[in-house]
Amino acid sequence: ILNVEQSPQSLHVQEGDSTNFTCSFPSSNFYALHWYRWETAKSPEALFVMTLNGDEKKKGRISATLNTKEGYSYLYIKGSQPEDSATYLCASPNTGGFKTIFGAGTRLFVKA
Amino acid sequence: DVKVTQSSRYLVKRTGEKVFLECVQDMDHENMFWYRQDPGLGLRLIYFSYDVKMKEKGDIPEGYSVSREKKERFSLILESASTSQTSMYLCASRKRQGARIYGYTFGSGTRLTVV
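Residue numbers (the working numbering), protein chains in the order written: chain A, -18 to 93; chain B, 8 to 122.
In short, the hints are calculated from the structure, not lab data. It is possible that part of the hints are untrue.
Claimed, not checked - Simulated DEER-style distance windows between Cβ atoms:
| hint | chain 1 | residue 1 | chain 2 | residue 2 | range |
| --- | --- | --- | --- | --- | --- |
| 1 | B | K78 | A | E64 | 31 to 37 Å |
| 2 | A | R42 | B | S72 | 40 to 46 Å |
| 3 | A | T3 | B | L18 | 33 to 39 Å |
| 4 | A | T32 | B | V19 | 37 to 43 Å |
| 5 | B | D58 | A | E26 | 21 to 27 Å |
| 6 | A | T3 | B | D35 | 32 to 38 Å |
| 7 | A | Y55 | B | R80 | 34 to 40 Å |
| 8 | B | M95 | A | K50 | 30 to 36 Å |
| 9 | B | E63 | A | E51 | 28 to 34 Å |
Model, not experiment: these values are computed from the prediction. Each residue gets a CB set at the ideal place from its N, CA and C atoms; glycine is no exception.
Generate coordinates for the entire structure from the input sequences, incorporating the hints supplied.
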């Protein structure tokens, strides 16, 4: 079974701060890496699906990088806003993608 | 525009009851999944279905069963609810993987309390 670790568990930042968090996963038999944003009382929302080593994806102020050789991905938020407050999940599916291991998430609080 | 709908947001059931959690998706996705989420843990896969009438055990299937009689509907059944099954349950669907890898579309969850 894969082990997906996220750090930190939680993070408090001020509005306007830029922040980043880490997802680590076993690098052997890598298939893909997903990032989701989960706001309270809402559905988890897919942010990125990444497959290639060195991949970098961007969606507005949020971006992510992927290093499959060393088994980590970073999620960056530039100029955090209160609406960025959420839990950010990363997940690594097995080949074929049916059994996905999720990290426990990083809970981000952005104070206005 | 809700795409994955879970029938209840909150449920309270008694120990020993048979519990049905319903999930419906309107995106014509082949794959559907049931996860549970507990504090401090990542989402854990209970069961999945890669197509109609097909089902496979996930990592924690004990005490659960599923039904997928129609493509759009995937039901999770707790045969005899126990307090250890108090949790947040998330349904997800996904288009069949091919050359392209897709992420999940999740429902908003059902928080089940077993008393």
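To see whether the hints hold, each was checked on the structure:
{"no.": "1", "hint": "B:K78 x A:E64: 31 to 37 Å", "result": "holds, 35 Å"}
{"no.": "2", "hint": "A:R42 x B:S72: 40 to 46 Å", "result": "holds, 43 Å"}
{"no.": "3", "hint": "A:T3 x B:L18: 33 to 39 Å", "result": "holds, 35 Å"}
{"no.": "4", "hint": "A:T32 x B:V19: 37 to 43 Å", "result": "holds, 42 Å"}
{"no.": "5", "hint": "B:D58 x A:E26: 21 to 27 Å", "result": "holds, 25 Å"}
{"no.": "6", "hint": "A:T3 x B:D35: 32 to 38 Å", "result": "holds, 36 Å"}
{"no.": "7", "hint": "A:Y55 x B:R80: 34 to 40 Å", "result": "holds, 38 Å"}
{"no.": "8", "hint": "B:M95 x A:K50: 30 to 36 Å", "result": "holds, 35 Å"}
{"no.": "9", "hint": "B:E63 x A:E51: 28 to 34 Å", "result": "holds, 32 Å"}
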